[in-house]
Amino acid sequence: MAGRQYTKSHEWLTVEGKTVTVGITEFAQSQLGDVVFLELPNPGRKLEAEESFGVVESVKAASDLYAPVSGRVAEVNDKLAAKPELINSDPYGDGWILKLDLTGELPQDLMDEAAYKKFTESQT
Amino acid sequence: MKRTTSAPNLTASAARRTPLFERHVALGGRMVDFGGWELPQQYTSIRAEHLAVRKVAGLFDISHMGRFRVTGEAAFNFLQSLLTNDLSRISRGRAQYNLMCNEQGGILDDLVVYWGDEGFFVVVNAANREHDLAWMRDHAPDGVEIEDRTFELALIALQGPRAEELLPATGFADLPYFGLRAGQVAGLSALVSRTGYTGEDGFEIFIAAEKVVSVWDAILENGATAGILPAGLGARDATRLEAALRLYGNDMDATVNPYEAGLGWTVRLDKGDFIGRDALAQVKREGPSRTLVGLKTAPGDIARHGSVVRRQDRVVGGVTSGTHSFFLGHPIALAMVEVASLRVGETAEVDVRGREAPAEVVQLPFYRGSARSAAAPAKS
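In order, the protein sequences belong to chains A and B.
Residues 11 to 134 (my numbering) are what the first sequence spells out, left to right.
Residues 54 to 433 (my numbering) are what the second sequence spells out, left to right.
It should be emphasised that the hints constitute simulated quantities derived from the structure, not laboratory data.
Among these hints, one or two may not hold up.
What the hints assert, rightly or not - Under the rule of at most 16 Å between Cα atoms (straight-line distance), these lysine to aspartate or glutamate pairs were calculated in the EDC-like manner:
1) Lys-70(A) <-> Asp-86(B)
2) Lys-28(A) <-> Glu-131(A)
3) Lys-70(A) <-> Glu-200(B)
As the list claims (entries may be wrong) - With beta-carbon atoms standing in for the labels, derived distance ranges:
4) Gly-340(B) <-> Asp-88(A): 26 to 32 Å
5) Val-65(A) <-> Leu-241(B): 46 to 52 Å
6) Ala-125(A) <-> Ala-279(B): 42 to 48 Å
7) Leu-417(B) <-> Asp-88(A): 31 to 37 Å
Where a beta carbon is used, it is the ideal one built from N, C-alpha and C, also for glycine.
Bound-form chain A, shown alone (with noise of 0.2 Å):
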């Protein structure tokens, strides 16, 4: 496993065989605020990358959410509906979003870590 890549848009994603667990990145929830809802796909609905499929909406602003990869949506986080604030306290955790079935290959423009570090200073 590579470990966790990262998005320009600020998603973040894991791949454990064919599936991709998806997120949004510490980053990205500091900088919208407390997360009061999200729009998501239904399991069985296809991505593909860069497509919009949902919206994060804080006390601040609504956002749109990203795919990072081609896929099949597998899993939905269902605990977001009654606790959308897992995507602050933890984003990388219990805030996952997505889990896809991943169709065609990984995009060749994602971050490591140290990238995305960087990418992040660069926009602040």
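Given the coordinates of chain A, assemble chain B onto it according to the supplied hints.
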């Protein structure tokens, strides 16, 4: 903020800082510009701070608010002629919520007048401080002195059902709602009023700028095990909106009169002449054409300032303030709409992110907290 003539400081913001700025940063405050002041939006999370205010108490730095001392023989009559409410209904040791209007009856600011031992104190919205000061000075006759005390004094607010119990002070338990009293908090001289902007019981503490950090620290330390939290602008806005307290700039401005804002109760037409009186008497006779209503939407449908409000496809007005309430578990909003276009219990449609979301018209306030009303019986 003073600027030197040496190389420009590219990282300094132009916003002012209160005497508690270092504390906010040390406590993890996420600083934002509010009315020209750098204040914390939140320290930990708006959710935690909002719940602390409703369940225990929250501590707010409100030193950005404009504070003027108004003294002199003619001070009482001057304020009576400038403001809508009737100060003869209070006396020394009391405060009163007031509106300052222009000749057309449009609201220039909402403010609180405090009647102290040495004259009056007027607390105004930070964003309006300079305008209000100029307006007051322009209208002040001989025999009135107006001094801007904003920068020498700090102002903090402890708000919540356990505020009285957890305030590190004696002698304020029997301070009545909107009462004002000098005393000591954490061993330091302060002026304390039983006022606030959250709908909860609580105290606003006026204290010299150089002493406020000690008092702030003492309150947090004293209340730590009980669960007192420092609370930022996010929690302040959510709690005031739940209590349906108006926010100048959002819910009202100079194009809105008190009756439209649902603040007709602050207008005492019979007290004598004041700026805007004739215009307001006419509005009262004819009835306002608009009114503020409360809307409740489904989780996720946060209506924001400016969102269009419709009733059965007809535009009836717009949202003036909206946010998610962590305490109530759903979004709430105030909307300015045509009078009689929406009734409590009806459903309106509000624009949320480009689509129409159903909104239930509800009674105000959205939540009634522990704040003692002036009509509440005294404790026995």
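Evaluated hints:
1. Distance restraint check for Lys-70(A) and Asp-86(B): the Cα-Cα separation of roughly 15 Å lies within the 16 Å cut-off, and the hinted pair is therefore satisfied.
2. For the hint pairing Lys-28(A) with Glu-131(A), the CA-to-CA distance comes to about 32 Å; that exceeds 16 Å, so the pair is violated.
3. Between Lys-70(A) and Glu-200(B) the alpha-carbon distance is near 37 Å, which puts this suggested pair outside the 16 Å criterion.
4. The hinted range of 26 to 32 Å is not satisfied by Gly-340(B) and Asp-88(A), whose Cβ atoms lie roughly 51 Å apart.
5. Evaluation of the 46 to 52 Å hint for Val-65(A) and Leu-241(B) yields a pass: the beta carbon distance comes to about 49 Å.
6. For the pair Ala-125(A) and Ala-279(B), the supplied restraint of 42 to 48 Å holds, since their beta-carbon distance comes to about 45 Å.
7. Here the CB-CB span from Leu-417(B) to Asp-88(A) is close to 35 Å, well matched to the stated 31 to 37 Å.
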